Amino acid sequence: MANLSKVDVFLRCFASLAAVGWLLTVPVAADSANLELWKSEFPNTDFARTTIDLDEIRDDGNYRDTIKPIDTPRFQPVSDLTAMGPLEPVLSLIINGDARAYPLRLLLWHEIVNDVVGGVPVLVSYCPLCNSGVVYDRRIGGDVLEFGNTGRIRHFDMVMYDQQSESWWQQFTGEAIVGAKSGTLMRIVPARLESLAKFRSRAPDGKLLIPSNVLTHPYGETPYQGMDSEWATQSHAMLRERYPYELPEDMSPLTRVVAIGDEAWTLDLVRTRKRIETAEFSIDWEAGQNSLHDHPLILAGRDVGNVIVQRKGAGGALEDVAYDVTFAFAFRAFRPDGVLHANP
39 MANLSKVDVF LRCFASLAAV GWLLTVPVAA DSANLELWKS EFPNTDFART
89 TIDLDEIRDD GNYRDTIKPI DTPRFQPVSD LTAMGPLEPV LSLIINGDAR
139 AYPLRLLLWH EIVNDVVGGV PVLVSYCPLC NSGVVYDRRI GGDVLEFGNT
189 GRIRHFDMVM YDQQSESWWQ QFTGEAIVGA KSGTLMRIVP ARLESLAKFR
239 SRAPDGKLLI PSNVLTHPYG ETPYQGMDSE WATQSHAMLR ERYPYELPED
289 MSPLTRVVAI GDEAWTLDLV RTRKRIETAE FSIDWEAGQN SLHDHPLILA
339 GRDVGNVIVQ RKGAGGALED VAYDVTFAFA FRAFRPDGVL HANP
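In terms of my numbering, the sequence shown has 181 at position 143, counting the first letter as 1, and numbering is strictly consecutive.
One or more hints might be untrue.
Capping the alpha-carbon separation at 25 Å, the derived lysine to aspartate or glutamate pairs in DMTMM-like fashion look like this [unchecked claim]:
(1) K312 - D358
(2) K350 - E318
(3) K106 - E259
(4) K312 - E184
(5) K77 - E213
(6) K106 - E94
(7) K245 - E318
(8) K245 - D175
(9) K245 - E357
(10) K77 - D243
(11) K350 - D175
(12) K312 - D300
(13) K245 - D136
(14) K245 - E74
(15) K77 - E126
Cβ-Cβ distance ranges computed for the label pairs, FRET-style [stated by the list, open to error]:
(16) R340 - E94: 46 to 54 Å
(17) D300 - N381: 13 to 21 Å
(18) G353 - K312: 22 to 30 Å
(19) E287 - S250: 41 to 49 Å
(20) E94 - Q201: 19 to 27 Å
(21) M276 - N134: 47 to 55 Å
(22) N381 - G264: 25 to 33 Å
Keep in mind the hints are simulated off the structure, nothing from the lab.
None of the values given here were measured: they were computed from a predicted structure.
Each residue gets a CB set at the ideal place from its N, CA and C atoms; glycine is no exception.
Using the sequences provided together with the hints, build the complete structure.
Below, the structure written as structure tokens:
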């Protein structure tokens, strides 16, 4: 299918918001007609095998790979880049000395990158609807899976699929939820959500993902402006009334949180304390990263800061811990029994 235009993606955002109670309309759930449509798009998916209620999966106007993944990523040395703002967010990782960064200005239009970093096949995933960016190891049971986008959402989060079995996978958790691989979990690869400047400083010889064609999307712009600022404030009462997840009464569902396993800390709390230490890891915050969900131009987005989560590994050396800076509703949706730290 043709790549999505900016208007198409905005309409996806608009329609998807309805799925969690933003609007009065409700997108269609998995009735028999939709299930037949799914089967026509995914003839090899075993819809009789599932770990969830199929009614939780929503159609929001998209189809299989309407939002096209990147399967042959192109990179350039980060030292050569001049076209991005220094505080723009990137999802970055270093494996076996191979340092790569994936700008959110690209990921918001593609959501999935199938790549090999330091010899490890990885899935770089980002769902702008819930601001979840997670990297997974694509090796499952001796196979290397290739991922695409079903065009559907569950709890406002992207549902992916693998090309080999056409099983459906939840982006936020890395779990197969429909199909032959139902119940299988991908291994999370520690990555950082940081500014371009931060990545360039720690990996001056690193590589940066670049578009294969700069004309296909308005890279650098976002249709999700105001989502974590204007909308979150103005729509708070409606969100509290219509949202299905248990959150503190004074917390907007679009509050940013740092999620690590079954625990999460609000970004405001981490920013206030600058450092939070647990028995297993430390969380550090430093200013200097643009929000993707504030201004139409990403480089003008408000400063939400950088987060690093680390622990002491063998020999006392610090090593990165996997984390996700996401919205509070997503953490509660997928970790209903998780602990959410909010008090300063």
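Hints, one by one, checked against the model:
Distance check on the hinted pair: K312 and D358 sit about 17 Å apart at the alpha-carbon level, within 25 Å; holds. Pair hint K350 plus E318 holds up; C-alpha atoms about 8 Å apart against a cutoff of 25 Å. Proposed proximity of K106 and E259 is supported: the alpha carbons are some 18 Å apart, at most 25 Å. At most 25 Å may separate the alpha-carbon atoms for a hinted pair to count; K312 and E184 exceed this at roughly 38 Å.
A threshold of 25 Å between alpha carbons decides the hint, and for K77 with E213 the separation of about 20 Å falls inside it, so the pair holds. With a C-alpha separation of about 23 Å, the suggested pair K106 and E94 falls inside the 25 Å cut-off, and the hint holds. Between K245 and E318 the CA atoms are separated by roughly 31 Å; this puts the pair beyond 25 Å, and the hint is violated. Between K245 and D175 the alpha-carbon distance is near 19 Å, which keeps this suggested pair within the 25 Å criterion.
For the suggested pair K245 and E357, the alpha carbons sit about 21 Å apart, so the restraint of at most 25 Å is met. Distance check on the hinted pair: K77 and D243 sit about 46 Å apart at the alpha-carbon level, beyond 25 Å; violated. A C-alpha spacing of about 22 Å is found between K350 and D175, which places the hinted pair at or below 25 Å, so the restraint holds. The hinted pair formed by K312 and D300 meets the criterion: a straight-line CA distance of about 21 Å does not exceed 25 Å.
The straight-line distance between the Cα atoms of K245 and D136 is roughly 8 Å, inside the 25 Å bound, and the hint therefore holds. For a cut-off of 25 Å, the pair hint linking K245 to E74 is broken: about 43 Å separates their Cα positions. Taking the CA atoms of K77 and E126, the gap is about 39 Å. The hint is violated against a cut of 25 Å. A C-beta distance of roughly 32 Å is found between R340 and E94, which places it outside the suggested range of 46 to 54 Å.
Distance hint check: the CB atoms of D300 and N381 are about 18 Å apart, consistent with the given range 13 to 21 Å. Look at G353 against K312: about 27 Å separates their beta carbons, and that is inside 22 to 30 Å. For E287 and S250, the hinted distance range of 41 to 49 Å is satisfied, since their beta carbons lie about 47 Å from each other. At about 23 Å, the beta-carbon gap between E94 and Q201 stays in the expected band of 19 to 27 Å.
The hinted window of 47 to 55 Å between M276 and N134 holds, with their beta carbons roughly 48 Å apart. About 27 Å separates the C-beta atoms of N381 and G264, a value consistent with the hinted range of 25 to 33 Å.
In terms of the numbered hints stated before, the structure departs from hints 4, 7, 10, 14, 15, 16, listed from lowest to highest.
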